[in-house]
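A.B. asks: Residues per chain, in single letters:
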Amino acid sequence: MNPDEPCPDCAAAEDLPRRRFLERLSIAAGAIGALLVAVPSIGFLLGLRRPTKVWRAVGNVGDFRVGSTTKVAFQDPSPLPWAGVTANTAAWLRRSSETEFIAFSVDCTHLGCPVRWLPGANLFMCPCHGGVFYADGTVASGPPPRPLTRYPVRVMNGQVEIFTSPLPIT
Amino acid sequence: MDEPQPASPPPGADVAPEEPAAPAAAGRARTSRAGLGARIWRRSRDWVDDLTGFSSLIGPILRHPVPRARKSAWLFVLGSATLFVFLLQIVTGIALASAYVPSSGQAYLTLQFIDSTKLGAIVRGLHYFGASAMVILVGVHAIRVYLMASYKYPRQLNWLTGVVLLFLTLGMAFTGQLLRWDQNGFWSAVVGAEQAGRTPFIGNWFGHFVLAGDTAGGATLSRFFAAHVFFIPALIFLFLAIHLYLVLHHGISEPPQAGRKVDRRTYRQWYHALLAREGEPFWPNAAWRDAVFGVIVIAIVFALAVMIGAPAVNAPPDPTIIGASPRPDWYLLWYYALLSVLPRWIENYVIILAPLIFIVLLVALPFAAPGGERSPLRRPWSLFIVAGIVVTIAFYTHLGSLAPWSPRFDAAPLPASVVGVKYGPVALGAGVYYEKGCEYCHRISGYGGIRGPDLSDVGDRLTADQITTRIFSGAANMPSYTGNMTPDELSLLLAFLESRHIVPPATAAPAGAAPGGNHP
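Line by line, the protein sequences are chains A and B.
Residue numbering for the first sequence follows my numbering, starting at 1 and increasing by one per position.
Residue numbering for the second sequence follows my numbering, starting at 1 and increasing by one per position.
Keep in mind that the hints were calculated from the coordinates and are not lab data.
Where is the CB? At the ideal position from N, CA and C, for every residue including glycine.
Wrong hints could be hidden among the right ones.
Label-pair restraints from in silico Cβ distances [said to hold, decoys possible]:
1. Thr199/B <-> Trp55/A: 25 to 33 Å
2. Thr99/A <-> Trp205/B: 48 to 56 Å
3. Thr320/B <-> Pro152/A: 35 to 43 Å
4. Phe44/A <-> Leu119/B: 58 to 66 Å
5. Leu36/A <-> Lys118/B: 17 to 25 Å
6. Lys71/B <-> Phe44/A: 32 to 40 Å
7. Gly47/A <-> Thr320/B: 25 to 33 Å
8. Phe21/A <-> Ile393/B: 29 to 37 Å
A few chain B residues facing chain A, derived, Cβ under 8 Å [stated by the list, open to error]:
9. Leu62
10. Pro102
11. Asn314
12. Pro316
13. Pro317
14. Leu402
15. Ser406
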């Protein structure tokens, strides 16, 4: 017999169902307590994403020369009050004709680093792992698997507007 | 029976040094004072021990017998040194956290504040070099355990908990460098999310979970801060406790000997006989080496923190500043370089599958080889594996550390001394060469990037037709310039490139040229 048993001599058989019940009761109590704490905590962690989408004006149509590619900055769709400069987002805006604009996300489709536009070479180059894109956003060389992500863009009342989107994740 | 028992000495009293006999008359007064102090110390210690029983808990742990390690004794200090550096990280981390504000908009300002105080800068340096030391030590400790096959029966779970601690340490290293919330830190969060995004099926969700939102913004830094300061450390405490408990439970492994095999039926018995025969108490016979090595490590960390200091905080974490060139800290640089040179098709496997396979191998190791030879001399492939891993990491770290590894954006137009002429098609071609961004990736006479082949002698190697083909067709790591260059520009560029011949040694390209041609 196990000497650690608290009651080695008592009629264990009689007590057994009661003990089994108390064991289950304790474990169930613990599980319920853990759930009450864990469910809201984990749910809160998972639910921080707020997929609001809005149009943001980035400048007058006249500010952008036909054929040029310009960096524009705008605010995130739902900036948090303490986000400071991180509430901003940048995009490359290409005016391909009188009426047509293309907005590229600055994030390289490889691993998200900010690509730079080199007007002389007519290329976007990524500073991280050497990805290169053509002026139309297609992959020129290096590791990127997809063309640069495009934002929807429109002209409203003489203003160029970009439709905010989540960070493109490959 | 009623006679009072002589007071039994409290446990642990046997280790208290005997009072030295008072030396003659000279210092009698001093000796008696010292005697009083010693008496007070002993009585208060006994009083605390009587109420807590600490000595009966700690004493046997401290004095548990360990095998004599003899020649390899200094190899057994790596685990404790990792622990000491972890304690250093806790203390300096708490100090930093009491000034740091984990807010995406303000963390940058608080870092500048910490750096502006003399001791704050040193504490940040301690934390940075402490992190570096912890990554190195946990790696070297793992290598020692692997080479000595200490993971074999019955210490398989020691190994597994160690594997978990290894990855938790790397997790701390990544999340920690990111809390230096400058441009580098901000883009590290984005790159981390993009890598999480390569996970099959749940990638998109997982990537945004890492960012705590649609974009890297207000909630992102708080998430990494909570991971670095609460979540991962809690797991480290948990697994460290199990790891240390297991070390005590099984006893530290004895140094291996060629020909002495581990047999699970007899090992424990044999080990205990070994301890009974020639074991020595851990404290202080073995522990003094842990203490000496630990203090050397901490002294080195301290010296580096004072003399070099933590990496400077660079530009603010503003996503609209496109001039960012994100780089991880040195301990992740090899992975960064690896991601640059991998062929595109293999990359998804490397980002997700390779670490998984590595983890599976590490987990399977102690169960696949639970017994047998432990000596590295009888397991020569273990030496090759370790050498292979170390050389690979060192090579890619070197590659990643070469200054303008990816496009060299700060390249300036080639000086006239390199071009050779000031007027004419060659000089104009040099202008096209710069204008089209060739210099960002190619080097001529020591100027330019190193991503592509060195073109200092391209006139010797290739004909004009061959160069034209390369310019227009491009390659895996070179854009095609079809439609991106007028015939005039092409002929000028060709004139310039064809004029590139082996230069006299005096102006030869400095060391660190193209790292193994990335394209033909």
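A.B. asks: Going through the numbered hints above, which ones does this structure break? Give me the numbers in ascending order.
C.D. replies: 2, 3, 4, 5, 6, 8, 9, 10, 11 and 14
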